[in-house]
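**Student:** Listed below, chain by chain, are the residues.
There are 2 protein chains.
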Amino acid sequence: MSSTSTHTILTKQGVSFGSEVLEAFDAQLASQQFTKVFFLVDEHTHEHCLPILLAALSNLKEFEILEIEPGEESKSHEVLINLYYALTELGADRKTLLVNVGGGVVTDLGGFLASTFMRGIAFVNFPTSLLAMVDASVGGKTGIDLGEHKNQVGVFAAALQVYVYPSFLQTLPHPHIKAGYAEMLKHGLIADSNYFYELLSALKAGKLPSETQILSSIHIKAQVVEEDFKESAARKKLNFGHSLGHAIEGCCLANGVQMLHGDAVALGMLGELYLSYKKTRLPKADFIKTTGALRDLYAVKHLNIERKELIHLLLHDKKNEAGELRFVLLEQLGKPIINVPVTKKEAEQAFQFIFDGDE
Amino acid sequence: MSSTSTHTILTKQGVSFGSEVLEAFDAQLASQQFTKVFFLVDEHTHEHCLPILLAALSNLKEFEILEIEPGEESKSHEVLINLYYALTELGADRKTLLVNVGGGVVTDLGGFLASTFMRGIAFVNFPTSLLAMVDASVGGKTGIDLGEHKNQVGVFAAALQVYVYPSFLQTLPHPHIKAGYAEMLKHGLIADSNYFYELLSALKAGKLPSETQILSSIHIKAQVVEEDFKESAARKKLNFGHSLGHAIEGCCLANGVQMLHGDAVALGMLGELYLSYKKTRLPKADFIKTTGALRDLYAVKHLNIERKELIHLLLHDKKNEAGELRFVLLEQLGKPIINVPVTKKEAEQAFQFIFDGDE
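In order, the protein sequences belong to chains A and B. Numbering follows numbering that gives the first Met the number 0, with no gaps: position 354 of the first sequence is 353. Numbering follows numbering that gives the first Met the number 0, with no gaps: position 134 of the second sequence is 133.
Only chain A is shown next, with the shape it has when bound in the complex:
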């Protein structure tokens, strides 16, 4: 399938982008022999995205739809086990294809479901949220949460193909757009400060990111992943903002407080910029300008979670080694350093900076 408006971004990561990806997927259905096709959707993508996708598929024969509730609560072992049973009872076999149509929850959960059902069936991703387009659905991280421990269980498993259809963003409410911007801003902070400020202007102006910007973010992510798929070293830089961010997100999850992943990462970046200024010589002017902008856009008035609980979660983070906290910090904008040891006290100060603004 060739088309002027479908770009395959990086062959190894298998990401296609553009207005023609629905037809590209239809061609894949025609050329590969799947015994059955299952679509994993949430309530929203079932209503808003799946009909658009189905209408474009002329080569689809037998299929089933699996619907989950929207939200992070669905990335749980209970939902996963129900889906294993659903696949079994609906006659999925080893040559079944799973098509994940949704945000990061659907692509993370669906990727893990496919990679472990009958020791692995093929899956493709149709990310429908901005965050999933630029982050979650690219790079083969799949998994579920274990209670408040984010992504504690999972595997690295590449999708057969990731199809990014930018028009799906039209269906997305603004808070989800803003949360998606947070991961893009992270790409700017770790790779290109001009890109960071460009995105910031677009976000402040209430615009959707341009197709070029979405492509830029996928490029940054895919390149890092290609270098280090299993996160031995280089890939860790994508975790900027995620040590503190995951702790905040996990606490909110455990306490029933609504918090989108991207918003938690934005708060995490606030604290990790602070630590970068304190510990790894991020210039003060950059620290002030970036945290000021992030605070204006992402700060929350009051979060009903305990500092102690945040620290407890942080101490169980996957990124730690031998009980020691390890963060990604910046020595300059666009220049991350991985594996920086951080003390419990420094982490507490970072949380204080995030929530109270003290320096």
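One should not assume that every hint holds.
Straight-line C-alpha distance at most 30 Å; calculated BS3-like pairs for lysine-lysine [claimed, not checked]:
no., chain 1, residue 1, chain 2, residue 2
1, A, LYS229, B, LYS94
2, A, LYS307, A, LYS318
3, A, LYS94, B, LYS334
4, B, LYS94, A, LYS35
5, B, LYS35, A, LYS318
6, A, LYS94, B, LYS344
Some residues of chain B that are not near chain A, with every Cβ distance over 10 Å (derived) [what the hints assert, rightly or not]:
no., residue
7, GLY13
8, LYS35
9, GLN151
10, PRO165
11, GLU197
12, GLY255
13, GLY291
14, GLU305
15, GLN351
These are computed hints drawn from the structure, not numbers from a lab. All C-beta atoms in this analysis are idealised placements derived from N, C-alpha and C, irrespective of residue type, glycine included.
Position chain B relative to chain A; hints supplied.
**Tutor:** Coordinates of chain B only, in the frame set by chain A:
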């Protein structure tokens, strides 16, 4: 570590065998940096095998012991989830090593646990049952059951090393030795009929298999696995006896009837030898001699399970394609054919042959 009595069998599969493997593992602990070591055992191996292993380890520092109940019931998602929580709460990180000490249940479950915890930590296997030594712990199939569906969830993941310490067999009750023989007899049927008859004599004489025989079986298995790790084609021949066998085992599991995996495979082989005679021209003399011997050793008087349930489970077997049953059958002893379509009626006749002896 070099020793005259420790053999590394196939480098790619990383299997070590002999009386010196405990010391070889101790050397591995010294040379590799693990932050912590977790031992997964069942009640029996905790009592009989772990003390022997621990006594040999001078380089072991921080460790924890995770104990599960013995038996197939532990290969469940409930036990798996508890183990994820236990690892989390006891401070396991990405550089933790999991050491599986037990039979197939422990090595299957533990391999899956390690491969999915924090998207994969390292694990080694110490198989303690005959079946695990010659089959389960070699080849990277890991997983759990989903209710009565055997190994419905899992991944292919190679252990860092498999350490086969034959003295552990001394602690094994005879029914488990007999069940382990069944997988070895399968190796004979698919690869070498002389080996089949040699094992049969040893089993009838009530002997433990010799070290040479155990090594032969590991060799047969490891060679097939090396050729086709993910079971695209050649590896399927190791499934001889397992289509009908897994259905029998799954039914027993669902109905609370005790049935060891090896014993179920022996019954499955009875039925699949019958189908080989009927469908793929296995010579009548071989059919009569092999099934006669297996029936004498493994036939059960009465099993409290329904034929209908067996067929239902068979129709959901992982090895099927597009709803069609696919079996491994023999055209001669030592000459398997994979992907043979089998009708529901033929499967019913095979069950009848197994349980009623009708031809």
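**Student:** Against the structure, test the hints numbered earlier, and report the numbers of the ones violated in rising order.
**Tutor:** When the structure is compared with the hints, numbers 4, 8 and 9 turn out to be violated.
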